[in-house]
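Protein chains in written order, with this note's numbering: chain G, 12 to 751; chain U, -2 to 205.
Derived from the structure by calculation, the hints contain no laboratory data.
Don't take every hint at face value.
Said to hold, decoys possible - Here are some, though not all, of the chain G residues that point toward chain U, as calculated from beta-carbon distances under 8 Å:
#, residue
1, Val210
2, Glu566
3, Asp618
Glycine included, every Cβ here is placed at the ideal spot set by N, Cα and C.
Single-letter residue listing:
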Amino acid sequence: MSWITIVWSMNAAACLTLASIFFVAWCKQRESWVHLIFSCIALAAAAIAVFELQLIHADTPQEYGAILRWRYVPVWALVVSLVGFTRLYLRAGRSWLAWSACGLKTLTLILNFISTPNVHYREITALRQLSWGGEMASVPLGTPNHWSLVNQVTLLLLLAFFIDATIIVWRRGDRQRALLVGGSIIFFGVIVAAQVMLVVWGVIQVPFVSSFAYLGIVAALGYQLCDDTVRAAQLARKLDASQAALLKTERDLEIAASAVGLALWAWDVAHDEVWLSNQARALYGFSPSEKLNTQRIRRVVHPEDREVVRKAVENSLQTGAENPAEYRVVLPDGRIRWVARRSRTEFDSNGNAIWMHGVLFDVTERRLAEERFRLVVDAAPAAMIMANKEGRMTLVNKRAETLFGYKRDELIGQPVEMLVPERFRSHYVSFREGYFGDAQARPMGAGRELFGQCKDGSEVPIEIGLNPVHTSEGLCVLASIIDISERKQAELEAARQRHELAHLLRVTMLGELSGSLAHELNQPLTAILSNAQAAQKLLAGDAVDVSELREILAEIVDEDKHAGEVIQRLRVLFRKGEVGHHFGNLDISQIVQDVLKLMRNDLVIHDVTVQTELAENLPAVQGDRVELQQVLLNLMLNGCEAMADCDSSERQLLITSGMENGAVRVSVTDRGGSIPEERMERVFEPFFTTKANGMGLGLSVCHNIVKAHRGNIWVTNNAEGGATFHFSLPARSQAQKNNT
Amino acid sequence: MAVPPSPTVFVVDDEAPVRRALSRMLRANRFAVATFASSKEFLGQYDPDASGCLVLDIMMPGNGLELQRVLQKKGCTLPIIFLTGYGDVSKSVQALKGGAIDFLTKPVNDQSLLRAVRAAIEKNRVTRQEQTQVSEICSRLATLTPRERQVLEHIVSGELNKQIAGHLGITQRTVKAHRARLMAKMKVDSVAKLVCLANRCGITGSSS
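Generate the whole structure from the sequences, applying the supplied hints.
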């Protein structure tokens, strides 16, 4: 085989090999059209090499012309492919140059097939056998076709296109590509064009060898592509490494994020692709592999909250603000999860949102806690109001709404003073300021009666417990408010009943005393009557002693007054105590004296002598005069009765008073029988009696009265026999202290 | 024998205005009045020969009924008029049983009280008169010899001379002599009168 055949075949084979390699590469990576185009270029170069070999071995001019005509097809394909390659690979070259060059090339191809034998020759007259390195090679002899000028123009256009493209790439800074791709195309292209022209015009007589120039182009392009591939591989490796690093970072981030309950997300706005960290996917109930977009996410958001989410996202897209929002997610199993979002938006240079990143966190617990808190607060039997340091309400529950008649919205943010009656407001404000100075859980008002002001203007008696609450907004005070109108009513009713019973007992007791009371009243009446009748008698006589009459009249007046006093005393005792009246300040010694006067005759009847040892200058007590008289009367009557069977000389009652532990004490000591130890506790119980016809109410009523006066009543046995009943009442100064 | 003092109304009441008023009213009606604040005071100045009556408040320190008992024990003949603030049945019964002349409720009308006081004074006068008579008879009795007294007792028992002589172991003549002397000493002229006097002095007859 001749060396020419071997060389041209090798040329073709090399090109074919490259073509097939890059074709396979294209097959594996369909989007890399550059590889396909290069494959076409290499294939065309291989075809050109084959045609050239045939031209060298052509025997007749006709055969030569035909081969040369067909050779133009791969040349055309190669040129068009090169233009495409340049445009695609270098992303350079003016498109009008490209299109016009390709158009002219195609026109040349058409002209090639119209002309005989081809576009280069009008006629091939003969073939000259040339000895070429020991081998014979055919060289055409003939007249050139003037249409080949079109081909020359095409070549010039192509040249311009490639130079232009190369310059652009060079200027872009990609010098290797400019040199290797642009430079080789220009260089070898010029060689090809020159050789073809010189041969056709008969300037030199050599066979066509342009396939080697094409091989050069193919080799240069192939090298560049290989270089690219190698770089790509290197990049891919680097990328792999960096991706691995990224993945690790991402995982670390996710671990860190999940540790604090954060889930990460990112949204490629342009492509509407949503990436969620595993934590976030778990939050939404998505599988780890599911592809996500906004629509998919929108579907799992609770229908009622979609608007909230939409607004937040839209706002983030427009302003880039974080737009925290909380919404519910419906999990695949139907459970509800509360999620909070927060985002950051990235914008491109035109201000369009391209990425949005953010975090999600599970706030279900908090929300449930809040809901539970709200439910608990709402279900609380007391009205609850939380107020901040400025006295503005930050929380109110349902009871508070119903108690004051306001809607929640009308109270939140408003000053608490609106719920305080006008006359207490100034006091309240100073109280609130004082409270924040020394905040601790305690009842408000301390003994004073408190009132709340309702929306309709009415006032309601209330009891308030205050608790300091340290919230994120600072120190607040939580007030639990109890409507005590019912309790007040009940207390009033109980007091009324107590008064009623006390009155009943008093009347009963006065019934017992009626004998001595009648006597008490009859004494002055007797004196009056007798005096008057004496006067009548004196006037009927002859000599009227005026001074005697004057005395009589004076005595009548005195005794009338005395009778009036007795009646007054009785009337007071018979009076029904007013419910809820205010206690007056009383001198306990005065009460003892009053009762002694009342009982004077009864004591005479019972032959009981009374001794008193009353302390002087005792502080006043607050109380109801009549009821305290009743207590003492009751104790003294009991004492008299206890001594009914005693010897006359033993019937002595001792009444003492004094101060004891800040209270005023009164004791009634008799010399009757002692009270058995086991009965000591029971004597004040209602219906407990040792008397044959007693109701057992006297002492229990005394007990009630003393308790209502915030005092104590008790009994002790005397060492020398008999019992002593004591009662003590808080002294006024102390009672006042309690009141403030 | 002491000259009986003029009847006095003794008023005992613990209340001075009442005492004064009652005293005034009684004095206006020409009664002598003495007032006392308590039983104790009255007993301290008690004169057994006093005549008149006692106006006593039942309800006073020392208790009116108690005073009544004490006076009774002392043989006081002063009739008692009780005054009371209100009618206590058991007390009034007790008082009347104890010999009270009346039981009046306060305020007492002057007529009621005066009527009671008058009645009481009259009663006291009669009692005192009777007491005087009895003491005179008793003094006559005291002049009798033991034998004459024995005879008197038998006469009061309604025995005949013969029976008396039999009982005493003396003759009928001796009995008759004693009897004559006895009648003279007692200043009576008939056996019926003698028996009456003896009865008043508590001699009811021989037990034998």
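**OP:** Return the status of the interface hint for G:Glu566: holds when the least beta-carbon distance to chain U is below 8 Å, violated otherwise.
**Re:** 6 Å, holds
Original post:
Would the hint on G:Asp618 stand, with a C-beta cut-off of 8 Å toward chain U?
Top reply: Result: holds, 6 Å to nearest chain U Cβ.
Original post:
Taking the least C-beta to C-beta distance, is G:Val210 closer than 8 Å to chain U?
Top reply: 173 Å, violated
Hint violations for this structure: number 1 only, all remaining hints satisfied.
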